[in-house]
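Undergrad: Taken in order, these protein sequences are the chains called E and R. Per our numbering, the first sequence starts with residue 1, numbered consecutively. Per our numbering, the second sequence starts with residue 1001, numbered consecutively.
Keep in mind the hints are simulated off the structure, nothing from the lab. Some hints here could point you the wrong way.
Unchecked claim - Heads up, simulated BS3-like pairs for lysine-lysine below, C-alpha to C-alpha not over 25 Å straight-line: (1) E:LYS57 / R:LYS1290; (2) R:LYS1181 / E:LYS66; (3) R:LYS1260 / R:LYS1290; (4) E:LYS74 / R:LYS1181; (5) R:LYS1239 / R:LYS1002; (6) E:LYS70 / R:LYS1002; (7) E:LYS96 / R:LYS1181; (8) R:LYS1219 / R:LYS1002; (9) R:LYS1139 / E:LYS70.
Since we're looking at a predicted model, the values are computed, not measured.
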Amino acid sequence: MASLNDKIKEEVREVIYDFFAEECEIDVAEITDGSNIIGDLEGDSLMFLALIEIFTKKYDQEIDLKTIGKYSIKHPVETIGELIEMQLKIIEHGNKITELD
Amino acid sequence: MKTAFIFPAFISEYLGNEIQILDSFSSRFQQNLTTASRITGIDFERFSIENKLYTEDELSSQIISYIFSCSLSDALIYRGLKPDILAGYSMGLYAAIYTGGVIDLEEGIRLIVMAFKISKSVINGIDSGMGSVIGLTRKEIDEIIVAHNLEAEIANSNSIYSHLVTGQLEAVNSLLDVARKTGALNVSLLNVKTPYHSQLLKETRGEFQQFITNHIKLKKSNYPIISSIDQRMLESPDKIKIELISNLFERINWMASFNKLLNLGVTQFIECGAGKSLQRISRFMPGDFKMYPMNKIKTLLI
Chain E
1 MASLNDKIKE
11 EVREVIYDFF
21 AEECEIDVAE
31 ITDGSNIIGD
41 LEGDSLMFLA
51 LIEIFTKKYD
61 QEIDLKTIGK
71 YSIKHPVETI
81 GELIEMQLKI
91 IEHGNKITEL
101 D
Chain R
1001 MKTAFIFPAF
1011 ISEYLGNEIQ
1021 ILDSFSSRFQ
1031 QNLTTASRIT
1041 GIDFERFSIE
1051 NKLYTEDELS
1061 SQIISYIFSC
1071 SLSDALIYRG
1081 LKPDILAGYS
1091 MGLYAAIYTG
1101 GVIDLEEGIR
1111 LIVMAFKISK
1121 SVINGIDSGM
1131 GSVIGLTRKE
1141 IDEIIVAHNL
1151 EAEIANSNSI
1161 YSHLVTGQLE
1171 AVNSLLDVAR
1181 KTGALNVSLL
1191 NVKTPYHSQL
1201 LKETRGEFQQ
1211 FITNHIKLKK
1221 SNYPIISSID
1231 QRMLESPDKI
1241 KIELISNLFE
1251 RINWMASFNK
1261 LLNLGVTQFI
1271 ECGAGKSLQR
1281 ISRFMPGDFK
1291 MYPMNKIKTL
1301 LI
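Just chain E, with the same shape it has in the complex (with noise of 0.2 Å):
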């Protein structure tokens, strides 16, 4: 669990946006925060475990990938800002993410 400042939390915005804009093959000026993941830039579900990898090894993060699916029914991430939103409340509160219900 890290401690989010407006670093991090920067951070967090510009890997998620260039990796879509990488692997969606867009210019990043394409995406904002209310772009949906699936319809607008045609991501999908192996993008978000990628992500949770990338942010795993560069937080030093334990997850159990297991909470965060469980977390993810009842808070589904459908846009990028809800992405950016659910990714800096894994790295603030890793497992016990469940626990904010």
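Starting from the structure of chain E, add chain R where the hints point.
TA: Relative to the frame of chain E, chain R by itself:
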């Protein structure tokens, strides 16, 4: 540097410009569609990426995928980009053995049609299907299957946390439902009604074997082919015949095949087919390698 040509099974998502790319390689795509029409009686000459008739029908989709793969691998080899090794993802096996010179184009189409017909006949109206589970391990999925006594099984592992499941439709749906509640990040039912890589298709063995023996003249492969089932090297007609038959009902392991290719020194993977599904899967594979889906291949030819 070793190069592997890898072949997708179905096309779940097109890039959109595949036909233009093939045309720029001077491929025989249109000719091959005509051949497919003649053999199957399905009008493939009117094929377009936008036409859902060809992408949502299981047999048509499989044949189109095969035609894309064969047309592309022919064009690449003709232009001097040759594989050191081949691997077919699930039903991508047909295009892999075509590229190896084991069968000709028409034989591949006949194999696909016959495998489909025999499979349909064996399941005899039983509702069946396939699904995708992201975020659980193989062991966790197997535990769900056992705990709930489901007539479903793992068809393939794409990576540690990405799997395909297969079996009776009700069981597959139950498995997906429990998997999601257990903590899978995502589950989805695939647009495939045949339970490929399921023991439900084991009875295809006799009739498919007989068809291959009587109608298909398998030759030795010009390039080694990796078995998706047990990662053996396939070259002889006998081994390839066993793989063709078993590929319908045995569990495959794409993750193991990919790792085997990496261990053999492959650093360059050419995704011979439409879309880029294999590239997407490969992002979870550790190692220093490059993937080239169809829209990136041109950079290798200049």
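Undergrad: For each hint, tell me whether it holds in the structure or not.
TA: We went through each hint and held it up to the structure:
1. Between E:LYS57 and R:LYS1290 the alpha-carbon distance is near 22 Å, which keeps this suggested pair within the 25 Å criterion.
2. Only pairs whose Cα atoms come within 25 Å are accepted, and R:LYS1181 paired with E:LYS66 is accepted, the gap being roughly 9 Å.
3. Only pairs whose Cα atoms come within 25 Å are accepted, and R:LYS1260 paired with R:LYS1290 is accepted, the gap being roughly 15 Å.
4. Among the hinted pairs, E:LYS74 with R:LYS1181 is consistent with the structure: their alpha-carbon atoms are about 11 Å apart, no more than 25 Å.
5. For the proposed pair R:LYS1239 and R:LYS1002, the alpha carbon gap of about 23 Å is at most 25 Å, so the pair holds.
6. With a CA separation close to 42 Å, the supplied pair E:LYS70 and R:LYS1002 exceeds the 25 Å bound.
7. For the given pair, E:LYS96 sits about 18 Å from R:LYS1181 by alpha-carbon distance, which is consistent with the 25 Å threshold.
8. With a C-alpha separation of about 24 Å, the suggested pairing of R:LYS1219 with R:LYS1002 holds against the 25 Å cut-off.
9. Our distance criterion of 25 Å between C-alpha atoms is met by R:LYS1139 and E:LYS70, whose separation comes to about 18 Å.
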